[in-house]
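**Q** Throw the hints in and build the complete structure from the sequences for me.
Protein chains in written order, with this note's numbering: chain A, 1 to 175; chain B, 1 to 44; chain C, 1 to 281.
If you are wondering where the hints come from, they were derived from the structure by calculation, not from laboratory data. Please read all numbers here as calculations on a predicted model, not as lab measurements. A hint or two may mislead.
A few chain B residues that face chain C, going by a derived Cβ cut-off under 8 Å, partial list only [as the list claims (entries may be wrong)]:
id, residue
1, Val6
2, Tyr10
3, Ile11
4, Gly21
5, Gly28
6, Arg29
7, Ala32
Rough simulated footprint, nothing fancy, chain C against chain A, three-plus residues with beta-carbon under 8 Å [claimed, not checked]:
id, region
8, 62 to 72
9, 150 to 156
Not everything, but these chain A residues come out facing chain C in the computed CB check (under 7 Å) [stated by the list, open to error]:
id, residue
10, Val52
11, Leu123
12, Val126
13, Val131
Glycine is no exception: its CB is placed at the ideal position from the N, C-alpha and C atoms.
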Amino acid sequence: MTDANSGLPDPNADDLDLDLTPASRPGGDSTGGINLRNWLIVGALVLIGGAVMFQALTNARVFFYNVDEAVDQQAELDDRTFRMQGTVVTEPAKANDGTMTFAMSFNGVEADVRHVGAEPSDLFRVGERVVAEGSWDDDGAFRSSQLLVKHSEQYVEDNPDRLETDPGYEPSEDR
Amino acid sequence: MHWEFVIPGYIIVLGGIALYGGLLIRRGRRLAEQLPPERRRFLD
Amino acid sequence: MGRAQSSSEADVSPSASASADAATPASRAQRLSTSSRLTRVLGIAGLLLLGIMLAFGLWFSGPEIAMRDSVRLLYIHVPSVFVAYLCFGVTFLGSVQYLRNQSSFWDLMAHAAAEIGVLFVVFVLVTGSLWGKPTWGTYWQWDPRLTSTSMMLLMYVGYLALRRLDLPGEVRSQRAAVLGIVSILNVIVVHYSVKWWRSLHQSQTFGIDTQMDGLMLFSFFLGVIAFLAIGAWLLVHRFRVGWMESQLDEIRLEHALVERRNEGRAYPREDDLLQVRPGES
Numbered sequence: 001m002t003d004a005n006s007g008l009p010d011p012n013a014d015d016l017d018l019d020l021t022p023a024s025r026p027g028g029d030s031t032g033g034i035n036l037r038n039w040l041i042v043g044a045l046v047l048i049g050g051a052v053m054f055q056a057l058t059n060a061r062v063f064f065y066n067v068d069e070a071v072d073q074q075a076e077l078d079d080r081t082f083r084m085q086g087t088v089v090t091e092p093a094k095a096n097d098g099t100m101t102f103a104m105s106f107n108g109v110e111a112d113v114r115h116v117g118a119e120p121s122d123l124f125r126v127g128e129r130v131v132a133e134g135s136w137d138d139d140g141a142f143r144s145s146q147l148l149v150k151h152s153e154q155y156v157e158d159n160p161d162r163l164e165t166d167p168g169y170e171p172s173e174d175r
Numbered sequence: 001m002h003w004e005f006v007i008p009g010y011i012i013v014l015g016g017i018a019l020y021g022g023l024l025i026r027r028g029r030r031l032a033e034q035l036p037p038e039r040r041r042f043l044d
Numbered sequence: 001m002g003r004a005q006s007s008s009e010a011d012v013s014p015s016a017s018a019s020a021d022a023a024t025p026a027s028r029a030q031r032l033s034t035s036s037r038l039t040r041v042l043g044i045a046g047l048l049l050l051g052i053m054l055a056f057g058l059w060f061s062g063p064e065i066a067m068r069d070s071v072r073l074l075y076i077h078v079p080s081v082f083v084a085y086l087c088f089g090v091t092f093l094g095s096v097q098y099l100r101n102q103s104s105f106w107d108l109m110a111h112a113a114a115e116i117g118v119l120f121v122v123f124v125l126v127t128g129s130l131w132g133k134p135t136w137g138t139y140w141q142w143d144p145r146l147t148s149t150s151m152m153l154l155m156y157v158g159y160l161a162l163r164r165l166d167l168p169g170e171v172r173s174q175r176a177a178v179l180g181i182v183s184i185l186n187v188i189v190v191h192y193s194v195k196w197w198r199s200l201h202q203s204q205t206f207g208i209d210t211q212m213d214g215l216m217l218f219s220f221f222l223g224v225i226a227f228l229a230i231g232a233w234l235l236v237h238r239f240r241v242g243w244m245e246s247q248l249d250e251i252r253l254e255h256a257l258v259e260r261r262n263e264g265r266a267y268p269r270e271d272d273l274l275q276v277r278p279g280e281s
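**A** Okay, structure coming up:
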């Protein structure tokens, strides 16, 4: 009933601050924190992480080929889907069925592109670097289903003064 | 042009900072009321 | 969650809050928060800089010739990454310090910084996505930069989850410190991803090829210092919240200890035991 039954080594109040060990251990009911909620959190994280890793690895070879490489490896690439980077060199022509045709080049190698799909962003124009996703067609043209514009690290401010000072400047059509 | 992307971006970021900061301050006030003064190290 | 927490905190120790009230007269009552002179200076500076930055970023500076107004997202997108990088750097440093000398200051600092870092990486992804649509033509691509950034976010969310696990304090801090150190690799990968791999994303904004016109550069610069001030302000507050929580946990532990001791006795009160010791007297 007294100290002997209590399981405590010495109930003397004098050693109160010395005997800290039992209480600083985790509570018996939550040892190691292995409960369902924690497992769910960890599991969800592992799943999401795995999905991201998978995505990353499937795209890991290279995010895109440059036009010259893609032309070089045309035979090996066959009808595989890949991305191709290059600079737009010809004004895109639009057919009635929505197909957009233009030429892209990199390192002096040019390729014809036929794009069927969503409109590229407003930045798309001759001289811009673009990344097209698609595959080589039988006739040697690149069939693109997605057209992304890759912006450079050059940020040029569009202010009216530039008109006089910079002869190379052309105001964009959208203003 | 493209303001429909700029405005939500600024609202989310500045709103996010305000929301997080506000909750943080509230949490801090509640905790501060419970803390005895001799434990107030690193708080000034 | 906040309510449950506060109710459990309310029963921490009536004596603790009572003594706080007693020792703090009305003049000190205002100071019962995580604010201090440091945070006030940081907060006011941050808000002022933010105001100027908004004026320049959204008004005085012109649109970019190709990106038009979407370039304005840069003034918050890139500063957000800087804050996140710095925060994860603090987490790394704090983790190293904790493993070296079990400093609870650095342990709490590492935790606080990781939380702020995660918040700002979310901002980075949101603003980047909103910027990507009008420029690249897509909200998202599994490009090296974007993929590694989302992995970095997940890793630090994992760090925060680990800090919430119901483990003994020291074990948890130790594991978190290891993760806090390992995760810095991911930050390096994110930063150099545009250099190491071909990427849709443009290179580092402070790279060799970068060119930015006057007012745009100024707005960007304002954004950086405004965000740094705000990030520091948040970090100090978050650290203090963590510090107070750890202090209250300690108090709670001491109280629980006394209670458990008393439970084991025949007499509920220590005073009684001091007077009558059965078996001895």
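**Q** If a hint holds in the structure, say so; if it does not, say that too.
**A** The hints, checked one at a time:
1. Evaluation of the Val6(B) hint against chain C yields a held restraint, the C-beta minimum of about 5 Å falling below 8 Å.
2. The interface hint given for Tyr10(B) is met, as the beta carbon of that residue sits about 6 Å from the closest beta carbon of chain C, less than 8 Å.
3. Taking 8 Å as the C-beta cut-off, the interface hint given for Ile11(B) is violated, the closest approach to chain C being about 10 Å.
4. Nearest Cβ of chain C to the Cβ of Gly21(B): about 6 Å, under the 8 Å cut. The hint holds.
5. Interface restraint check for Gly28(B): the shortest CB-CB distance to chain C comes to about 3 Å, inside 8 Å, so the restraint holds.
6. Here the hint on Arg29(B) is kept, as its CB sits about 5 Å from the closest CB of chain C, short of 8 Å.
7. Taken as an interface hint, Ala32(B) checks out: its beta carbon lies about 4 Å from the nearest beta carbon of chain C, inside 8 Å.
8. For the region 62 to 72 of chain A, the stated coverage by chain C is satisfied: 3 residues place a CB nearer than 8 Å to a CB of that chain, which reaches the threshold of 3.
9. Against chain C, the region 150 to 156 of chain A contributes 7 residues with a C-beta closer than 8 Å to a partner C-beta. That satisfies the three-residue criterion, and the hint holds.
10. Annotation: Val52(A) was flagged as interfacial toward chain C, and the flag holds, the nearest CB pair being 6 Å apart, inside 7 Å.
11. Interface hint status for Leu123(A): upheld, as the beta-carbon distance to the closest one in chain C is roughly 5 Å, under 7 Å.
12. The interface hint given for Val126(A) is violated, since its Cβ lies 12 Å from the closest Cβ of chain C, which is over the 7 Å cut-off.
13. Hint on Val131(A) holds. Least Cβ distance to chain C is approximately 6 Å, under the 7 Å limit.
The structure fails hints 3 and 12 (numbered hints given earlier, in ascending order).
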